[in-house]
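> In case you want the letters, here they are:
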Amino acid sequence: MTDLEFEQYITSVIKEYGANYIDESLIDNTPHKFSPEFERKMDILMGKNYKKVRITPKRLLIAVTAALLAVFILAMSVSAFREAFINFFMNIFDTHTVVQSVDDIDAPLDFTDKYEITSDMSDYDLINSFEDISNREYIYKNENCTIYFTQSIKEYYHESVNTEDYEIESIYIDNCEGFYVNMYNQNGQILIWDNGDYVLSILVSHDDDYEFSKDKLINMANSVQKVEK
Amino acid sequence: MKRTIIAILLALSVLFSAGIPVCAYGWENIASPYYLYTYSVKSTLVISGNTAYCKSEIKGDRTVTKIYATQYLEKKNGDKWDIVDYWNDSADGNSLSMSNSKDNLGNGTYHVRTVATVYSGSKSEPVEDTSKEVTI
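If you read the protein sequences in the order shown, they are chains A and D. Each residue of the first sequence is one higher than the one before, counting from 1429 in the working numbering. Each residue of the second sequence is one higher than the one before, counting from 1033 in the working numbering.
One should not assume that every hint holds.
Said to hold, decoys possible - Just the calculated beta-carbon pair ranges, DEER-fashion:
(1) T1083(D) x L1497(A): 58 to 64 Å
(2) V1530(A) x P1158(D): 55 to 61 Å
(3) K1112(D) x E1467(A): 30 to 36 Å
(4) D1522(A) x T1083(D): 34 to 40 Å
(5) T1083(D) x L1489(A): 56 to 62 Å
(6) G1110(D) x V1530(A): 26 to 32 Å
(7) S1154(D) x L1537(A): 15 to 21 Å
(8) I1533(A) x S1154(D): 25 to 31 Å
(9) E1595(A) x T1083(D): 37 to 43 Å
(10) K1155(D) x R1482(A): 20 to 26 Å
(11) T1167(D) x Y1612(A): 47 to 53 Å
(12) D1111(D) x K1569(A): 43 to 49 Å
(13) I1533(A) x T1083(D): 31 to 37 Å
As the list claims (entries may be wrong) - Dumping the calculated DSS-like pairs for lysine-lysine here, alpha-carbon to alpha-carbon at most 30 Å:
(14) K1542(A) x K1155(D)
(15) K1164(D) x K1654(A)
(16) K1461(A) x K1134(D)
(17) K1542(A) x K1443(A)
(18) K1134(D) x K1542(A)
(19) K1642(A) x K1654(A)
(20) K1134(D) x K1569(A)
Source of the hints: derived by calculation from the structure; they are not laboratory data. All figures in this text were calculated on a predicted structure; none of them were measured in a lab. For each residue, glycine too, the CB sits at the ideal point set by N, CA and C.
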């Protein structure tokens, strides 16, 4: 049988019997309906966009206002970041950092132990010292420099430190965590650390032409010890 | 429509006028909102029994000539803080320490807020610090 003969045979068979072999139940006579989303996408593809967005003055004003508000809020907001040290909570703002001690139920609530700088302070005069319910402080001074050594009860410790444009440097004093800020624009340096029982700090304030090195401050801090009183 | 435009313009003018004084202070260096002269501000609240011991300390650099400070003892009331008492103090020089106490406190949560103006000659800056909260 040639191809032509085969085709003619098939055609004749379909014409004679084909209708009887069609299962009517398989035929869905309902017309197909596309989803609105499909229709919308097809319209866009075909360039038939019936709903053109009209930029009315009201819409323009709302858009401009929203943009201006966003810029304004961004510009005026004070950015605060929380820095995690082990012994301190730090909220870092644009101009300063709020530092507070982490709660420690084992830390003493009084000055049973008293700490002092034990390195040679003969270049300075002790001009003041006091103790109250939350702090003990020694103030040393010479003609170029003032040094504040403070021992604070951890439970109450909360301080705002100038860190505007200054770096907060993590530092360890006698294996105790602390931080150092060189306030070079103001001829000041501060070193604050937690010795496990108390928050200790040394603040140095000096004249423009007086050099007080970071190493000197660290050595001074390392000399801080419990004293018998 | 017209009312909406007017309302939006009014809101914008209020917002921007709020920002102007901050910038103006900065330009004239009368009272900039920056830590230009202050090293640190410390606020401490200790409550023993029903008595509050409030302490505020402000330390400035060697150019600081005067410090004015107000110390507020405040009690928490919902989302806001009510002033229980306050004290003013000032010092000639670059450090100020002020201590005050208040008896017969009722139960509640308290803190001490220190608001100070630090002067370096004719220039000044406002600084603030708030202590840890204490509940009795």
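> Next step is simple, just say for each hint if it's right about the structure.
Checked hints:
1. T1083(D) x L1497(A): 58 to 64 Å: violated (47 Å)
2. V1530(A) x P1158(D): 55 to 61 Å: Distance hint for V1530(A), P1158(D) is violated at roughly 29 Å.
3. K1112(D) x E1467(A): 30 to 36 Å: violated (55 Å)
4. D1522(A) x T1083(D): 34 to 40 Å: Once the Cβ atoms are compared, 37 Å apart, the range 34 to 40 Å for T1083(D) and D1522(A) holds.
5. T1083(D) x L1489(A): 56 to 62 Å: Given a distance of about 58 Å, which is inside 56 to 62 Å, the answer is holds.
6. G1110(D) x V1530(A): 26 to 32 Å: holds (28 Å)
7. S1154(D) x L1537(A): 15 to 21 Å: With a Cβ separation near 43 Å, S1154(D) and L1537(A) fall outside 15 to 21 Å, so the hint is violated.
8. I1533(A) x S1154(D): 25 to 31 Å: violated (48 Å)
9. E1595(A) x T1083(D): 37 to 43 Å: Between E1595(A) and T1083(D), where Cβ atoms are some 41 Å apart, the hint holds.
10. K1155(D) x R1482(A): 20 to 26 Å: violated (55 Å)
11. T1167(D) x Y1612(A): 47 to 53 Å: violated (40 Å)
12. D1111(D) x K1569(A): 43 to 49 Å: holds (45 Å)
13. I1533(A) x T1083(D): 31 to 37 Å: violated (23 Å)
14. K1542(A) x K1155(D): violated (39 Å)
15. K1164(D) x K1654(A): Roughly 27 Å between the alpha carbons, so the hint for K1164(D) and K1654(A) holds.
16. K1461(A) x K1134(D): Violated, because 80 Å separates the two Cα atoms, which is more than 30 Å.
17. K1542(A) x K1443(A): violated (113 Å)
18. K1134(D) x K1542(A): This hinted pair holds, its Cα atoms lying about 28 Å apart.
19. K1642(A) x K1654(A): holds (23 Å)
20. K1134(D) x K1569(A): violated (34 Å)
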